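Student: Here is how the chains run, residue by residue.
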Amino acid sequence: KNEVEQSPQNLTAQEGEFITINCSYSVGISALHWLQQHPGGGIVSLFMLSSGKKKHGRLIATINIQEKHSSLHITASHPRDSAVYICAGLNYGGSQGNLIFGKGTKLSVKP
Amino acid sequence: KAGVTQTPRYLIKTRGQQVTLSCSPISGHRSVSWYQQTPGQGLQFLFEYFSETQRNKGNFPGRFSGRQFSNSRSEMNVSTLELGDSALYLCASSPFGPNTEAFFGQGTRLTVV
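So the sequence lines, in the order shown, correspond to chains Z and H.
With positions in the first sequence counted from 1, the corresponding number in the working numbering is that position plus 2.
With positions in the second sequence counted from 1, the corresponding number in the working numbering is that position plus 1.
It should be emphasised that the hints constitute simulated quantities derived from the structure, not laboratory data.
These numbers were taken from a predicted model, which means no experiment stands behind them.
The C-beta atom is built at its ideal place from N, Cα and C for all residues, glycine as well.
Please note that a few of the clues may not be correct.
Said to hold, decoys possible - Some chain Z residues flagged as far from chain H (calculated, every beta-carbon gap over 12 Å): (1) Asn-12; (2) Asn-24; (3) Ser-73; (4) Thr-77; (5) Ala-78; (6) His-80; (7) Val-111.
As the list claims (entries may be wrong) - Stretch by stretch, here's where chain Z covers chain H in the computed footprint (C-beta under 8 Å, at least three residues): (8) 40-50; (9) 98-108.
Just need the whole structure built from these sequences, with the hints factored in.
Tutor: Written out as structure tokens, the structure reads:
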């Protein structure tokens, strides 16, 4: 069993739909990153959070440390949101931890 | 502000050879982390350097090594290449380490034939 699990693995949505991607982890983490990877490989960091909720434009990320669960929501999805979304947990506190990655959720938004 | 620059972008090597990949972090960032991404294993942590010191290392064989220079630029080296080393190698820079926001480079796609 992976220490960081994402669901679903693949997601197809129609433009305008509300999207939720889930991330659960079995190890203790002090922070969680949400990353976006477009075809070609480049990765963009969307959020880093250790508690509560963060919002940036149409993207919202939440985390519940006690339940070991985080979600990434996309409101009013658009075809340009099509990408692979990866969550990564920082496996222990301080600056010397390392990231443990989920396998990613491949999102395809159809016009 | 320039982003994270990785060179080269693409590389083809033969089994048994060695390879060196380079990563120039964002100016002022002192932490550089390296990751390997393969279709089967996904993203895996290789190592992290901070102020020229390796602070953390993932579960990879000793053929994988790295270093960081005084200007924070980092290199990773893979010796005695194997077919399974074919992957996208990504580096990420951050001000102090993975507990701060990370900025990723475009990656180096290594193909071992």
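Student: Now look at each hint and say whether the structure bears it out.
Tutor: Do the hints match the structure? See the list:
no.: 1; hint: Asn-12; result: 14 Å, holds
no.: 2; hint: Asn-24; result: 17 Å, holds
no.: 3; hint: Ser-73; result: 19 Å, holds
no.: 4; hint: Thr-77; result: 22 Å, holds
no.: 5; hint: Ala-78; result: 25 Å, holds
no.: 6; hint: His-80; result: 22 Å, holds
no.: 7; hint: Val-111; result: 22 Å, holds
no.: 8; hint: 40-50; result: holds (count 5)
no.: 9; hint: 98-108; result: holds (count 11)
Against the hints set out earlier in the document, no violation occurs for any number.
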